[in-house]
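Protein chains in written order, with our numbering: chain A, 1 to 102; chain B, 1 to 763.
FRET-style restraints, in silico, Cβ to Cβ:
hint: 1; chain 1: A; residue 1: Ala76; chain 2: B; residue 2: Gly745; range: 24 to 30 Å
hint: 2; chain 1: B; residue 1: Leu746; chain 2: A; residue 2: Val97; range: 16 to 22 Å
hint: 3; chain 1: A; residue 1: Ile81; chain 2: B; residue 2: Leu762; range: 37 to 43 Å
hint: 4; chain 1: A; residue 1: Met85; chain 2: B; residue 2: Gly749; range: 24 to 30 Å
hint: 5; chain 1: B; residue 1: Gly745; chain 2: A; residue 2: Met1; range: 36 to 42 Å
hint: 6; chain 1: A; residue 1: Ile65; chain 2: B; residue 2: Gly749; range: 28 to 34 Å
hint: 7; chain 1: A; residue 1: Val54; chain 2: B; residue 2: Leu762; range: 16 to 22 Å
Simulated from the structure, these hints should not be mistaken for laboratory data.
A virtual CB, placed ideally from N, CA and C, is assigned to each residue, including glycine.
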Amino acid sequence: MEIGLIHYLTLSAIFLALGIFTVLSRRHVIVMLMGTELILNAAALNFVAFGRYVTGGLNGQLMTIFIIVIAAAEAAVALAIVIAMFRNFNTVRVDEVDRLRQ
Amino acid sequence: MDPIISSALLILALPVVSYVLLFFFGEKLPRRGDWLGIGLVGASWVLSLKIFWHFWGVNDPGHQIEQSWNWFTISSFSVDFGILVDGMTAVMLVVVTTVSFLVHLFSSGYMWGDRRYARYFAFLGWFTFAMLGIVLSNSVFFLYIFWELVGVASYVLIGFFFHKNSAADANKKAFLVNRVGDLGFWLGILLFFTAVGSFNYNDLFAGVADGALQGGLLTAAGILLFMGAVGKSAQVPLHVWLPDAMEGPTPVSALIHAATMVAAGVYMTARLLPLFSPDALLFVAYTGAITAIFAATIAIVQTDIKRGLAYSTLSQLGYMVMAVGVGSASAGLFHLTTHAFFKACLFLGSGAVIHAMHHQQDMRFMGGLRKKMPITAAAMIASTIAISGVPPFSGFWSKDAVLGAALAFGMENPAHYLPFILALLAAVITGFYMFRIIFMTFFGKPRDQEAYDRAHEVSWRMTTPLVVLGFLAVVAGGFPGLGSGWFERFVQNPQVEMVAGTHGVEMAAAEHSVPTSELVETTHAVPAPEQTGAGHGASGAVSAGGNVADGGNVADVNAADPHGEESLVGDTRTASTPAADTRGAPAGDAHAAAADTPATDEHHDVHHIAHQRAMVMSIFAAALGILLAWLFYIRRTFSSERVQAAFPGVHRTLDNKYWVDEFYRDHVVANVRRTAALSAGFDNIVVDGLVNGVGYLTRFAGDLSGHIDRLFVDGLVNAVGDILRGLGGMVSSWQTGRVQNYFLGLVGGLVVLILVYRTVWLG
Chain A
1 MEIGLIHYLT LSAIFLALGI FTVLSRRHVI VMLMGTELIL NAAALNFVAF
51 GRYVTGGLNG QLMTIFIIVI AAAEAAVALA IVIAMFRNFN TVRVDEVDRL
101 RQ
Chain B
1 MDPIISSALL ILALPVVSYV LLFFFGEKLP RRGDWLGIGL VGASWVLSLK
51 IFWHFWGVND PGHQIEQSWN WFTISSFSVD FGILVDGMTA VMLVVVTTVS
101 FLVHLFSSGY MWGDRRYARY FAFLGWFTFA MLGIVLSNSV FFLYIFWELV
151 GVASYVLIGF FFHKNSAADA NKKAFLVNRV GDLGFWLGIL LFFTAVGSFN
201 YNDLFAGVAD GALQGGLLTA AGILLFMGAV GKSAQVPLHV WLPDAMEGPT
251 PVSALIHAAT MVAAGVYMTA RLLPLFSPDA LLFVAYTGAI TAIFAATIAI
301 VQTDIKRGLA YSTLSQLGYM VMAVGVGSAS AGLFHLTTHA FFKACLFLGS
351 GAVIHAMHHQ QDMRFMGGLR KKMPITAAAM IASTIAISGV PPFSGFWSKD
401 AVLGAALAFG MENPAHYLPF ILALLAAVIT GFYMFRIIFM TFFGKPRDQE
451 AYDRAHEVSW RMTTPLVVLG FLAVVAGGFP GLGSGWFERF VQNPQVEMVA
501 GTHGVEMAAA EHSVPTSELV ETTHAVPAPE QTGAGHGASG AVSAGGNVAD
551 GGNVADVNAA DPHGEESLVG DTRTASTPAA DTRGAPAGDA HAAAADTPAT
601 DEHHDVHHIA HQRAMVMSIF AAALGILLAW LFYIRRTFSS ERVQAAFPGV
651 HRTLDNKYWV DEFYRDHVVA NVRRTAALSA GFDNIVVDGL VNGVGYLTRF
701 AGDLSGHIDR LFVDGLVNAV GDILRGLGGM VSSWQTGRVQ NYFLGLVGGL
751 VVLILVYRTV WLG
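Using the sequences plus the hints, can you model the full thing?
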C-alpha cells in the first residue's frame with residue numbers, strides 16, 4: 001500500500017484529537033501546553049501534506065516553518081505565564097485557578 | 001362737656017375700675033381689697049346724689065341731658081354710644097348706687113373669710129357697672145349690651161358657691177330662662193330698628209309716633225320687647241329662675257335679685273313706654289297682675305326665709321309691671337324705688353339672720369330672735385310694715401299709686417277691672433305672708449333652742465346697711481308733712497294711648513315730637529305746665545270716650561291745668577292725713593282751675609276717685625293680711641296645720657308652686673331633649689352616614705386601584721426584572737472561570753459550526 005495524502009491527513013487528525021483530548025482532560029498546566037503543541041503539530045503536518053500532494057511548491061513548508069516559530073514563541077510566553085501563575089496561586093492545576101469567574 | 005354728663009360717665013367708670021383692680025390685684029391688697037370696692041362704689045353713690053340733687057332742683061320730668069359718641073359707622077348706618085340723663089335716670093342711679101354701696105358694706109361682714117372674697121367684690125363691681133349702664137344708655141342697642149352684662153354678672157354671682165350642685169344648677173337655669181326672654185327682646189329691638197332706622201330712644205319714640213310701625217306689628221314688637229322684661233323681671237311664665245337664684249350669697253340676692261337687676265325689666269318697659277301699643281300694654285298689665293297674685297299665693301307656704309322673700313319679690317315685680325302696663329310709668333318706678341329699699345333691707349336682714357343662725361335658712365327652726373338681734377329685727381319689721389302697705393311707710397305710698405292707677409284703668413275701661421282686683425287680693429296676701437315670716441323668725445318661742453343660744457347680733461358692717469335701708473324703707477315714699485309727691489319731680493307718665501282710645505294717634509305724635517326733637521347735648525327743658533297739661537289732655541280726651549280729640553282741646557288743657565299731677569297727689573295725701581291740710585291748698589286751686597275743661601275734669605275725677613278708693617281699700621287689705629298673720633302665728637286662734645289639713649289639695653298645689661317647674665320639666669325640657677335626641681340621631685345616622693359613606697366609597701375605590709396597581713403594574717415591572725434576573729442567573733452559571741470549560745465550549749462550538757457547514761452549505 002502506497003503512502004498517500006489520506007494517511008497524512010489521518011495521522012494529522014489523530015494528532016489533533018489527541019491534542020484536544022490532552023488539553024481538555026489534563027489538569028496540569030504543563031501537560032495542557034504539551035496538548036497545544038500536539039494541535040499545532042497536527043496543523044503543521046496538514047500544511048506539509050497539502051503542500052506536497054495538492055498545491056506543490058514551497059507554500060506548505062513555508063507555513064509549517066512559520067508555525068514552528070510561532071510554537072516556539074508560544075512556548076516561551078506560556079511558560080512565563082505558568083511561572084507567574086505558580087507564583088501567584090502557588091499551584092499548577094488549572095481547576096484551582098478560576099479567578100476569571102469573578 | 002356738660003358736668004352732668006361727665007359725672008354720669010364717672011359714675012359708670014368707677015365700678016368697672018373696682019372690678020378690674022380687684023380681679024387682678026384684690027388678693028394682694030390689705031383686707032383683700034374690700035375697702036377699694038366699697039370706696040369706689042361709694043364715690044359713684046356720692047356723684048349720683050349730686051345728679052339727683054340737680055334734677056330735684058330742675059323739677060321737670062321732661063328735662064333731658066343727652067350726649068352721644070359715634071362708635072362705628074358702616075355706610076349710612078351708624079351706632080352711637082350715648083348717655084341720657086333725665087329724672088328717671090337720676091332716681092334709678094340713686095337706687096342702684098345706694099343699694100350697691102350698702103350691699104358692698106354688708107358683704108364685707110357677711111362674706112369675710114370666704115376663699116374668693118376679693119373675687120366676690122370684683123363681681124359686685126362688674127354688676128354695678130352693668131346695671132348703671134342700663135340706666136344711663138340712650139339707645140336700645142347699649143341697653144341690650146348692658147342687659148346681657150347684668151345677666152352674666154348674675155350668672156357668676158348665683159353660682160358663686162359653684163361647688164354646690166344646687167348653685168351650679170341654679171345659675172344655669174337663670175341664664176337659660178333669661179335667654180328665652182332676651183331672644184324676644186332682641187327681636188323686638190330689631191323690629192323697631194328696621195322700621196325706624198335708629199337705636200336711639202328719642203328717635204324711636206319719634207319714629208313710632210310718626211307711624212313707622214303700626215297695628216299688629218307694633219303690638220307684636222312691643223310684646224317682644226316686653227319678653228325681655230318677662231325674663232329679667234321674672235314675670236309669669238318665666239319666673240322660675242328667680243327663686244332658685246337664692247342659691248347665691250344673700251347680699252347678692254338683695255342687690256341683684258331683689259333691688260336692681262330684676263327691676264331692670266320694669267325700668268326698660270317704663271323707659272320705652274311710648275313704643276307700646278294699647279294692646280301690648282294690656283298684655284303687660286295682665287302679665288304683671290297675674291304674676292303678683294300667682295307669686296303671692298306661693299309665698300304663703302314657703303318655709304325657707306330667702307325663698308319666701310323671693311316669691312314676695314316676684315309678686316312686687318308683678319305690681320310694678322302691672323302699673324307700667326296700665327300706663328302709669330311713674331307708679332311702677334315709684335314702687336320700684338321703694339321696693340328696692342325695703343326688699344334689699346329684708347334680704348340683708350335675712351342674711352344677718354342666716355349668718356347668726358349658722359346658715360340655717362328654715363324658718364321652722366327660728367323664732368324669738370328679736371331679743372337676740374334687736375337692730376336686725378327692727379329694720380326688718382320696719383321694712384315689712386312698708387311692704388305690707390301701712391301708712392305712712394314708703395310702701396304705702398307706692399302701692400297706693402300702683403293700685404290707684406290700676407283702679408283708674410279699670411274705671412275707664414270697665415272690661416279690665418281684673419288687674420286691680422288681682423292686685424288688691426295680692427295686697428292682702430302680701431301683708432299675711434310678710435308678717436308670717438316676721439312672726440316665725442323674730443317672735444314666739446325659739447324652736448331650736450341650741451341654735452337660738454348661739455345666735456348673736458351681727459357686726460356694725462352688717463347692721464349699718466340694715467339701719468340705713470330700714471330708715472329709707474320708712475321715709476322713701478314720703479311722710480306726713482312732706483307728702484309723697486317728690487317722685488313726680490323726676491318721673492312723669494309719658495303720654496300713651498290706652499285701650500279705650502282709638503283715635504289718639506295723631507295727638508300722641510304731635511306731643512312726642514316736641515321733646516324728642518331736642519338732641520345731642522342740649523339741656524332741654526319743656527316748660528313743666530305745658531307738658532303736664534298736654535299729657536293730661538290726651539288721657540282726658542281718651543277717657544271721655546273719644547269725642548273731642550282735636551288740637552284745640554289740647555291747647556285748652558295746656559292753659560287750664562298747670563299742675564294737674566300735683567293736685568292729684570295733694571288730694572290723695574289730704575285724704576289720708578288730715579293734719580296736713582294746708583299743703584293741699586295750692587294744689588287744690590290748680591285743680592279748681594282745671595275744672596272748666598270737661599274732658600280733663602272727668603279724667604281727673606276718675607283718677608282722684610280711684611286713688612281715694614284704692615287708698616282706703618289698700619289700707620284695709622294690709623290690715624286684713626296682718627290681722628290674719630297675727631291670728632295664725634301669734635294668737636294661734638287658727639292653726640296653720642289645721643288649715644293645711646282641711647285643704648290638702650290647695651296646700652299641695654302651692655307647695656309645689658303650681659307645678660310650673662314640673663310642667664317645664666315634663667313638657668318643655670323633655671321636648672327639647674327629645675328634639676335634641678332626634679337631631680342627634682339624624683346627625684348620627686344621616687349626616688354621619690353620608691360622610692362615612694363617602695369615606696367608605698373612597699376607601700373602596702382606593703383599595704381597588706391599589707389592587708390593580710399591585711397586580712398589574714407591579715406585576716409587569718416585577719416580571720421584567722424577574723425574567724432578566726432569571727436569564728442572568730442562567731447565563732452566569734456558564735462562567736466558571738475554568739479555562740478548560742471555555743475550551744470545551746470552543747471545541748463544541750467548532751463541532752457545531754462544522755456540522756452546520758456540512759448540513760446547510762454542503763447538504
